[in-house]
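Visitor: Note that the protein sequences, when read in sequence, are chains A and B. So that you can map any letter, position 158 of the first sequence is 158 in this note's numbering, and since no number is skipped, the others follow by simple counting. So that you can map any letter, position 96 of the second sequence is 96 in this note's numbering, and since no number is skipped, the others follow by simple counting.
Just so you know, these hints were derived from the structure itself, not from any lab. Idealized CB from N, CA, C, for every residue including glycine. Some hints could be false.
Unchecked claim - Residues from chain A that face chain B, not an exhaustive set, calculated with beta carbons under 10 Å:
| hint | residue |
| --- | --- |
| 1 | Ala30 |
| 2 | Gly44 |
| 3 | Gln258 |
| 4 | Ile280 |
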Amino acid sequence: MSDLAAGTTGRGALDDLAALDASAARDTRAWRRWLRNPNSLIGGVIVLLVVASALTSLFWTPYNPLAVDPAHALAGPSLHHLLGTDEYGRDVFSRLMASSQIALFVGALSVLIATVIGIPAGLLAAQRPGAIGQVVLRLADILYGFPALLAAIVLAAAFGASKTTVVLAIGISYIPVFIRVTRSNALVVLNSEYVLAARAYGRRPLAILRRHVVPNIATTIIAQMSLLFSLTVLAEAALDFLGLGTAAPAASWGTMLQSSQNYLGNDALLTVWPSLAIVICVLGFSLLGDGIGELRDARSRH
Amino acid sequence: MLVALWGASLLVFVVLNVLPGSPAQVILGTQATPQSVRQLTIQLGLNKSLVRQYLDWIGGLVHGDLGVSYISHLSIGSQIAQALSVTGPLVLFALVIGLAIGLPLGFAGALRNGRFSGSLIGGLSQIGMAVPSVVAGLILIIVLTVKLHVFPTSGFPGWSDPLQALRALVLPAFSLGLVEGAILSRYVRASILEQLRSDYLRTARSKGLRVGQALRRHGFRNAAIPLVTVLGLELASLVVGAIVVENVFALPGLGLLLLDSVNNRDLITVQDTAMLVAGTVLVLNLLVDLSYRLLDPRLKGSS
């Protein structure tokens, strides 16, 4: 009886030890480290700005991004129209703001699809390295043949181009990335001695995943999510540019680029604004991802 | 590998054929009589079961017979060959540019790590990675074509005049290559840095070799292993990136062929071309795996 009791406390203590380095993430010093790392600082500020602009555009933009005003078409930047107007007289700044909504929407949903399928599949492949794991990896191999752009083209050919096909295409094409990242990081944890100990005293596989693996790989996964978010912004812009996603007249950075093509000679600024928006947004998410990765590395060195 | 290719073909086929709509109806338009629609359906072999259609398609692919376009009635094989004569050179050209930018930048970034110039290079490549090739292409057109009149805007004159043809590929190749170069430089830098910090390089330095010599004798081969991976993946992403850039510059390559067939609902052409691109990406992945083992003898024997 006393043996049993000792066993349970021992089990708890071991788990606590293993969970220690996961809880370090919640340390108050984390914020200070966050602010001191240039990547996570700049990336975080940019991401906040993009999110703020998207949220603001939900209820307020300087002009209606769809309002046509032929009398003021192709106007240069002025106090009335901060960044000028496009060929229909629509306010470019308002359209940029409205576009950030679509970029974040597509990015969030496609990263969600990729993680919801990719992470559990990756954990499964790590936990069951035998036949099941091999099947998961082979399926991932097949999906590797379909980068976002190609997947979007195939889906658009079958179902007609829309925002949905874009989200699906980007999401599906990033599933194998999450499978690989999750699996390789989970394997490291699963081969560690504390997991061996947890196995030895009879913890079930699911409990091991929940208590040891997930907390320890969470930061890596989050860093990867931020990096992939930046890639979704790139992919979405390219797809909209090709006419495979958001359709006119709705504003998105890609469709703005597409229509700016006709004015490269006279109104190069129409190309410059959405370009800048894309580059800044992508930069923000990739810096944030890099920053999170660096913070994790710094922590694991301590 | 064959399994992956087979799986990919199944995926393409199923996605493109799940919808109940009749391609014959699409081709003939709404005015067509049910009779003529049925006739065309039989002529195209679309009345057979899906399994049979799939097997016919795969059998054709294996024998190099890609079928005939529903819309233009041209042989898809020759259309793809034509498109490849543009996309192939474009991708190689872009790869050369990417290497020419990425390798020296990565080296410089690693050797100057911790100094201002090193951070500058790091920052530049970070920004370069955030530039989509569409944007690079449009900006290059604005500066070099519209303002300075150095290059033709768009279109492709054909290979009968190789010099003009290459000239038409310069800007598209740069729009792809600049971005890939930025990505590549980050990997080169990381890889060289790792070598510089390794024990054996410290040993090499301590026996009197200079950094450059030590790297050349010991570091390169080791640094090359991760780089080969990246290079293969880069090549794959160039093939896909070409789809976009060809549309910016109106180059009649695989990308334009793909998008035109999507817009015309020429599903069989989409099916063939998409399969070709997916197959290329998968084969490149395989080559990466194989070369990995070739370069790193430690991995020999492990599967």
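Visitor: Any hints this thing doesn't respect? Which numbers, in order?
Guide: 1, 2
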